[in-house]
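Quick note, the sequences are listed as chains D and F, same order.
One gets this note's numbering by counting positions in the first sequence from 1 and adding 53 to each.
One gets this note's numbering by counting positions in the second sequence from 1 and adding 23 to each.
FYI, nobody ran anything at the bench for these hints, they're computed from the structure.
Take these hints with a grain of salt, some might be off.
[As the list claims (entries may be wrong)] Simulated restraints, written as ranges between beta carbons of each label pair:
| no. | chain 1 | residue 1 | chain 2 | residue 2 | range |
| --- | --- | --- | --- | --- | --- |
| 1 | D | Pro-97 | F | Leu-139 | 33 to 41 Å |
| 2 | D | Arg-92 | F | Pro-124 | 25 to 33 Å |
| 3 | F | Leu-214 | D | Asp-104 | 51 to 59 Å |
[Stated by the list, open to error] Pulled a few chain F residues facing chain D out of the computed Cβ check, cut under 7 Å:
| no. | residue |
| --- | --- |
| 4 | Trp-89 |
| 5 | Leu-140 |
| 6 | Ser-143 |
| 7 | Ala-146 |
| 8 | Gly-147 |
| 9 | Val-206 |
| 10 | Phe-211 |
Computed from a predicted model, the values in this text were never measured in an experiment.
Every residue, glycine too, gets a C-beta built ideally from N, C-alpha and C.
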Amino acid sequence: MDRLQAIFELRDMLRQMERDIGLEDLSPAEKDVFQAAHRLTETPGQMVQSDQIRRDPLVADLAQATFHRALRSLLDLGFLERPTGARAKHYVVRQDLLHE
Amino acid sequence: MRMADDPYSVAWGMAIIVMVYVFCHGVTSYMVLPVQSYFLGDITIFASLIYLPHGVRVLSTWLLGWRAVVALALGAFASEFLFTDADALALTGYALWLSVPVGALSALAAFEILRLLGASAYAGGARRMNWRQLLMVGMLASVLNSIGQTIVFAGVISPGDQLTVVVTYALGDLIGQAVAMLVLMMVFRLLRFTASRV
């Protein structure tokens, strides 16, 4: 088995364990924003603009402040990254979360 | 490159298993057993109620298959040398050294039984395992281990104590695996949070 695949499988299993025992990391708004960003990412490393995420039906109903709080929180938690030198409001979904 | 074809990966993986096994055995010997003795008395010197290395057995066999057995046996031998006191070694004699391969093979036996039944549970296979299923495999491995250990220690443990030892082994392995997985989960969680703040 590929070494990375083994680590991914172990990490996924432990991540599921976290969810099942109630140690969930994300609020519902954060999950929606992350899912929208994930959906807009066609290739790993592709940048996604906050406006594109904002237009996604999943998050269209969120209040503006909630949306921005969720974006900032996802950045703090490392689910989204702002690549060095990238323009403001451009994000990348962390690549190691894109294998699924 | 596949792990099976890469000697460097296999050697590195085995070294990690030996180190983690010895560490978990040390934690069990120096932290779990004293607390267990304090609250429950000396049920047995043979078994701990939270035997952390069982988690190492199950997870490493899940990931590496039969290759993990050598590393698990090396880790177990090293642990007996380092952490078992001289009195216990003298009392158990050769039985303690026979118990090492039994423990090292227990998880492989459980995974192989499932494979022969057409329900292979190894990582990377068609079946996507979740943590509950892995605990179930660990439970099967702990039952096989406790049966094996009872046979190995048959001449050492008095017949009246055998049931206590079997139950302590089986429970200790299973609880140990659950605790080891929880600790690993917290380590991964910590790594994730640390990585996100760099």
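Task: Violations among the numbered hints - done: 2, 3, 4, 5, 6, 9
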